[in-house]
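Given the sequences, and given the hints that come with them, work out the whole structure.
Chain by chain, the residues:
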Amino acid sequence: MNDELYDLFRRRAEAEPTADFADRVMEAVRRERAVRCERPSKGLPRLLLSTPAVRIAACVLACLACMYRMAAVVAVFFAQ
Amino acid sequence: MSDDLDAIQRVLADDVESFRRLVERYQRPLLALVRNLTPPNTDHEGVAQEVFLIAFRRLASFDPKRSAFSTWLFTIARNRCRNELARRRPVAGAELPDIVDPRSPERAASEAELFRQLDAALDALPFEQRSAFVLAELQGFSYEEIGRIEGIGVGTVKSRIARAREKLRRLLRHAAEPHL
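These protein sequences, in sequence, are chains A and B.
Each residue of the first sequence is one higher than the last, beginning at 647 in our numbering.
Each residue of the second sequence is one higher than the last, beginning at 1305 in our numbering.
It is possible that part of the hints are untrue.
[Stated by the list, open to error] Chain A side only, calculated, beta carbon under 8 Å to chain B, not exhaustive:
#1 T664
#2 F667
#3 R670
[To be verified] From chain A, some residues computed to sit far from chain B (all C-beta separations above 12 Å):
#4 P663
#5 M672
#6 C683
#7 E684
#8 T697
#9 A699
#10 R701
#11 A704
#12 C705
#13 A711
#14 Y714
#15 A717
#16 A718
[Stated by the list, open to error] Some chain B residues well away from chain A (every beta-carbon gap over 10 Å; in silico):
#17 K1369
#18 F1373
#19 T1375
#20 I1380
To be clear, the hints were calculated from the coordinates, so they are not data collected in a lab.
Computed from a predicted model, the values in this text were never measured in an experiment.
C-beta: ideal position from N, C-alpha, C; glycine also.
Following this line, the structure appears as C-alpha cells:
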C-alpha cells in the first residue's frame, strides 16, 4: 500500500465517536449496576451454589431426598 | 498505565463514575478496531459499547500482572468482533461514516471507491490475519501485545501479518494503480 492510501484509510478508520458515546456507555453501566443491586435476594441462591462445597452439599441433599422418596414408594408394596 | 489501575481500583471500590475515565481514554482506538474488524454495515458504536459493558462486568477478573488494561480490553473487543462477524447482524440503512473531505468531488469519489475496495479486501482476509494486521498496522500494538491478545506466539503473529500484507497488496494492486 502506498503511504497516501494508507494514511487515508487510517484517518477514516479513526473517525471520532459520536459526542454522546461515553454518556451512553456510562448510562448502560449504571443500568447494569442498578440491576446487580436490585437482585441480591434472587442472587443469593446462585451465590451459594457458586462455591463447590455448597454445590456438592446441595447435590447430596437432593440425592438423599430422591432416595428417601423412592424408598417410601417401594415401602408401600412391602407393607402390604 | 498507573492511571488505568487507579480508575479500575476506584470502580471496584464501587465508584462507578470512574469507569468514564477508561471509556474516554479508549473509546477512539476501540472504535477504530471495531470499524476495521467488522463489515461497514455493522453498528460499530453498538459493538464498542457492548465491549465496554463486558469489560465493566469482568473488571474484577482483570489481572494487571498478566497484561496492560488496553491489551485486556482489546482482547475482549477482538473476540466480540469475531462473534459479530459470525453473527453478521447488519443495521438497516447504515452507511460508511462521513468524513469531511476538503478535496475535489472527483478525488473524494475516487477515494470513496478506494475505501470500498479496501473494505472488500479486508473482508476477504481470514479473521485471524485481519485481526493481527489491524492491531499491528492501524492500532500500533507490538508483536508481543498482539500475541497476548490473539493467544499465539510472536512467530505466528509475524507470519499472519506478513500473509495479510501480501494478500492485501495483491488484492489492492489493480485498485491502487490509478491512484498512485
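To see whether the hints hold, each was checked on the structure:
Taking 8 Å as the C-beta cut-off, the interface hint given for A/T664 holds, the closest approach to chain B being about 6 Å. Interface hint status for A/F667: upheld, as the beta-carbon distance to the closest one in chain B is roughly 6 Å, under 8 Å. The restraint placing A/R670 at the interface with chain B holds, with a minimum CB-CB distance near 6 Å, inside the 8 Å limit. With a closest Cβ-Cβ approach of about 5 Å to chain B, A/P663 is found to fall inside the 12 Å limit, against its non-interface label.
Annotated as non-interface, A/M672 brings its C-beta within 12 Å of a C-beta of chain B; the closest such distance is 5 Å. Its beta-carbon lying about 10 Å from the closest one in chain B, A/C683 breaks the requirement of being farther than 12 Å from that chain. Taking the minimum C-beta to C-beta distance to chain B, about 15 Å, the non-interface status of A/E684 holds against the 12 Å cut. Consistency note on A/T697: stated as away from chain B, and its beta-carbon is indeed over 12 Å from all of that chain's, at 16 Å minimum.
Every C-beta of chain B lies more than 12 Å from that of A/A699, the closest at about 21 Å, which supports listing it as non-interface. Residue-level check passed: A/R701 sits 20 Å from the nearest beta carbon of chain B, beyond 12 Å. For A/A704, the shortest C-beta to C-beta distance to chain B comes to about 25 Å, beyond the 12 Å cut-off, and the non-interface label holds. The claim that A/C705 lies off the interface holds: its Cβ sits roughly 26 Å from the closest Cβ of chain B, which is beyond the 12 Å cut-off.
A cut-off of 12 Å between C-beta atoms confirms that A/A711 is not in contact with chain B; the least separation is 35 Å. Look at A/Y714: its CB is around 40 Å from the nearest CB on chain B, clear of 12 Å, so calling it non-interface holds up. Annotated as non-interface, A/A717 keeps its C-beta farther than 12 Å from every C-beta of chain B; the closest such distance is 45 Å. Non-interface call for A/A718 relative to chain B: holds, since the shortest CB-CB distance, roughly 45 Å, exceeds 12 Å.
Interface exclusion of B/K1369 from chain A stands, the closest Cβ pair being 24 Å apart, more than 10 Å. Separation of B/F1373 from chain A is adequate, the least Cβ-Cβ distance of about 16 Å exceeding the 10 Å criterion. The beta carbon of B/T1375 is kept farther than 10 Å from every beta carbon of chain A, the shortest such distance being approximately 19 Å. Distance check for B/I1380 against chain A: the nearest CB is about 14 Å away, which clears 10 Å, and the non-interface claim stands.
Hints 4, 5 and 6, counting from the list given before, are not met by this structure.
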